[in-house]
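Peer 1: Chain U is fixed; fit chains Y and B onto it per the hints.
Residue strings, one per chain:
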Amino acid sequence: QESDSIQTKTEKKESFLNHTSKGFILKSEDGNYEMQIAARLQLRFALPDDQDPITFADFRNQDQRVFKINRARLKVGGHAYQPWIKYYFEYELSQSLLLDYRVMIEKWPWLNFKAGQWKVEFTRERFISSGDQQFVDRSLLNRKFTVDRQQGVEVYGNLNGGGIANFNYWAAILTGLGRGARQNDDSKMMYFGRFQWNFLGREVPFSGGDLKISQKPAAIIAIAAVTNTSPYTRFSTSGGGNLSGYEGTNDGQYTVKQYQIESAFIYKGFSWSSEFHRKSIYDNFDEIETNLGGYYLTAGYLVHQALNFWPEPLEIAFRYAVVNPDLEITSNKQREAAVAFNWFFSGHKNKLTTELTRFTFQDKELPQDDELRFRLQLDISF
Amino acid sequence: QESDSIQTKTEKKESFLNHTSKGFILKSEDGNYEMQIAARLQLRFALPDDQDPITFADFRNQDQRVFKINRARLKVGGHAYQPWIKYYFEYELSQSLLLDYRVMIEKWPWLNFKAGQWKVEFTRERFISSGDQQFVDRSLLNRKFTVDRQQGVEVYGNLNGGGIANFNYWAAILTGLGRGARQNDDSKMMYFGRFQWNFLGREVPFSGGDLKISQKPAAIIAIAAVTNTSPYTRFSTSGGGNLSGYEGTNDGQYTVKQYQIESAFIYKGFSWSSEFHRKSIYDNFDEIETNLGGYYLTAGYLVHQALNFWPEPLEIAFRYAVVNPDLEITSNKQREAAVAFNWFFSGHKNKLTTELTRFTFQDKELPQDDELRFRLQLDISF
Amino acid sequence: QESDSIQTKTEKKESFLNHTSKGFILKSEDGNYEMQIAARLQLRFALPDDQDPITFADFRNQDQRVFKINRARLKVGGHAYQPWIKYYFEYELSQSLLLDYRVMIEKWPWLNFKAGQWKVEFTRERFISSGDQQFVDRSLLNRKFTVDRQQGVEVYGNLNGGGIANFNYWAAILTGLGRGARQNDDSKMMYFGRFQWNFLGREVPFSGGDLKISQKPAAIIAIAAVTNTSPYTRFSTSGGGNLSGYEGTNDGQYTVKQYQIESAFIYKGFSWSSEFHRKSIYDNFDEIETNLGGYYLTAGYLVHQALNFWPEPLEIAFRYAVVNPDLEITSNKQREAAVAFNWFFSGHKNKLTTELTRFTFQDKELPQDDELRFRLQLDISF
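Protein chains in written order, with my numbering: chain U, 1 to 382; chain Y, 1 to 382; chain B, 1 to 382.
So here's chain U without its partners, still in its complex pose (with noise of 0.2 angstroms):
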């Protein structure tokens, strides 16, 4: 390797580049100072359109096929000064927003500190990335329940005693006004915890399906919760919002308490996930409590693993969703089936997703409804 003349005032590195599945590094010779550059296109068809429904008026649009650009991100991380020393921001490009922008310190296994942007790790379908899921999109559960992204302070890690002794714990506080927010409503922050139990001694990875085909068994049980007050009653890529039925935007006016339990299994290219939540929203000005419930389960398998005729990169995946926008009124319930087929062309970073979604709602007052919904998805990192 030549050795480069440039002048610089500053101490020079001569510099490596390679190429992974995290993209193009850029790594100084040293090893302290390592940057990735990538990028994500998500083309999205849909029919009769993308939205999954919010409101029984949704059920009665017309057919409003499109075709888009769902999500377009620019991806840069690595690590400076020291190989423990990580960052780590991504972009949205379509709707040009920054979505994660963090530091992580990670010495220790057992004790890590993030700050910044990012997706709580409230819940698993959520912290996935939408690069990294078995179907088109998130389930109904995702707009009523999760956090989204925060900004603020992180201690996290894993503790393992070894053998059924192995648990990850995550705690945070953070502003609580959603991503993007310059200011707080009133001093009251967000507070996050997770808890995890790896009971079979190792971890299941925060991504869809098991393509890895694990010929060991790795199950994860997990407890979260989070509270915060705030004018929100739900988070989304957008920032804080609201849900339909809660239209208050008085500073601290709505205090959330919410928690869930998670199971997750992976083993010989099957997969499992689930998700069973509960959300109180307290509405401090016209004092009503609302709680709000529902579960996920999904299941995925590489079918190749039991059927030789089966192709190698064709997954088939199940998902059943059910939400109760008000507990104490049980014959509301929103509803939704899905099946899914990947075909992974290199894996997550290049693969088609075909998916079909019946979509039940049921209401008290209102005939049931119901809608079909078709997506075709390509997913494809540079």
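These are computed hints drawn from the structure, not numbers from a lab. Each hint should be verified, as a subset may be incorrect.
No copy labels: a pair is met if it fits in one copy or bridges any two.
Said to hold, decoys possible - Below 20 angstroms or equal to it, Euclidean Cα-Cα: the simulated EDC-like pairs (lysine to aspartate or glutamate) are: (1) Lys188 / Asp49; (2) Lys75 / Glu92; (3) Lys188 / Asp50; (4) Lys188 / Asp63; (5) Lys364 / Glu328; (6) Lys268 / Glu203; (7) Lys75 / Asp132.
As the structure is a prediction and not an experimental result, all values here were calculated from the model.
Peer 2: For chains Y and B alone, coordinates are given in the frame of chain U:
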């Protein structure tokens, strides 16, 4: 080349870095992965103002001389997995807009596929990059006739039977709501087709002028058509919008059908192009049809090819354009006559353009009005 | 170095990669092309809130403690075609704003040219990057007196006659509508000039503190002036805007003339700077003139230079600032007194700042009011 010592989970490829007219290029050793990174800046001074006049009122504006960043682009392209799986995205930094994001399968010259968002190949003038133009910007026709960027899928290719049997084709199905749309208004899509005869056996590249001083002449004649039903009567970088006189915003309000006939020719530093347009706008609510027409002619010459004293990097170019906003009112005409000088410091990658344009508008009820505009522009790629 | 086998249409240059304080650097072998890529993240905690008070009402806000991403920057610079044709752009990822995009011709030290959009060199405090400050952010003066970023052209340079005959100059013509403007309001441009005397024969760099422990003293005295007619009375990262009390929005409503006298000094870890401001705002519609004044003084010291027990990376800095919103009402005064501690993990590239500020506002009609603010900030470049 020293071996790199990074430990990565997935396969690692040693890579190379070089620089071409596409910017810096990162490339994996096996040639399967490549990423080009480039930026472009367009600085413009305009007097009395920058925008083409739209209505007669625009002639009565006072002097609003302006110096501005007109375009600031980040361009990332390359290929992944295979040399024929290509991608490209372009982001407008100054307005934070994702312009292009597309994936191309270009394995055979005669059958290529494209999906994502890109400038529909409807007209040469619009499809040529703003960095490869002979003038400071596009003609008076552009606002009224361009289809601009759309989201969808396309098949295209070059059919070369030898000699004059040399054709290009494009056919696309698109959502038809313009750049950045997230949903469709109804079930009606945009359909686009273009057929091009390269009757001298060679294509004319989509780039202004004949900077490579073609020693053999190249010429094309093309016909293109597009149809769409949407709330919009025009498209631009901002997405869908309406021409003045069309105020509707209902789903599916306007059915637009348009076609154009195009010619282009290059030889020994001389370049020619023309487009002849017809566009029918049918208002499905008010049941009114309007027909628009227009054409432009441009010619450019690197005069050094004929006159030795003329500086080699200096091109002169002329443009004449006429728009009929309503073909039924023949006296309504909008005209543009422009002369431009380009100094190519480094081809289109670094050039200075100075342009003088006279706009003349005539109307059956108003006295004819005109305006003289001067613009100076530096377009430079990094 | 192995040869690369890419076939490209244009000349291909083998290139090098290295890492410096400017981030990763891609460079062509002939040295004509260079691109630096870096990112910067600024994480801030503020109590009771982050923003400087603007009016008395801001003292009565409740506690709104906040943790947030305050700045998230992508910085790309370098040179192209020749080592002296330089470019630089900076993009604010968290708010999707293009901040800087400029081209510089820097062939001779005494005669340089700049075009594009950048922070006008009117004041030291504003021109110093937010990543190179000694405090969490700029003083109370910044909102009222900064000219911020503008679009235009500039000539500048260093005239070095040896010894005390060492001067810098800047002169610019700018559109005068601030960051991101696409057009001008009228024909009046902004004019700016600055003259600086480096009377000890050395420039004081545009960077906070004296981190390099200068063994020879450096000092400057500068005078700068700017005049503009526009709808605006203040500028910020958001573009043009109005100070409280100025509600006009007409084209050319305000003629602003302002000047400032600046000093700066560094020696053996000690740093000093000051600015003294006068600003006249003339309302061309209501024919009212208002005069604003203000000044700040700052001093910082790496105390380890004097006291051995003091930790080497720890700097202490003080700031005192006074603003007169209307010089005719001498009793109206806004004061700020701040103390800050910087821990430089890696110079300005990775530092932790903690700051305590007391704001005191007095008014002829209202009782004096004050507020104490605490802020903690991590500023880290990758």
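Peer 1: Which constraints among the numbered hints does this structure fail? Numbers only, ascending.
Peer 2: none
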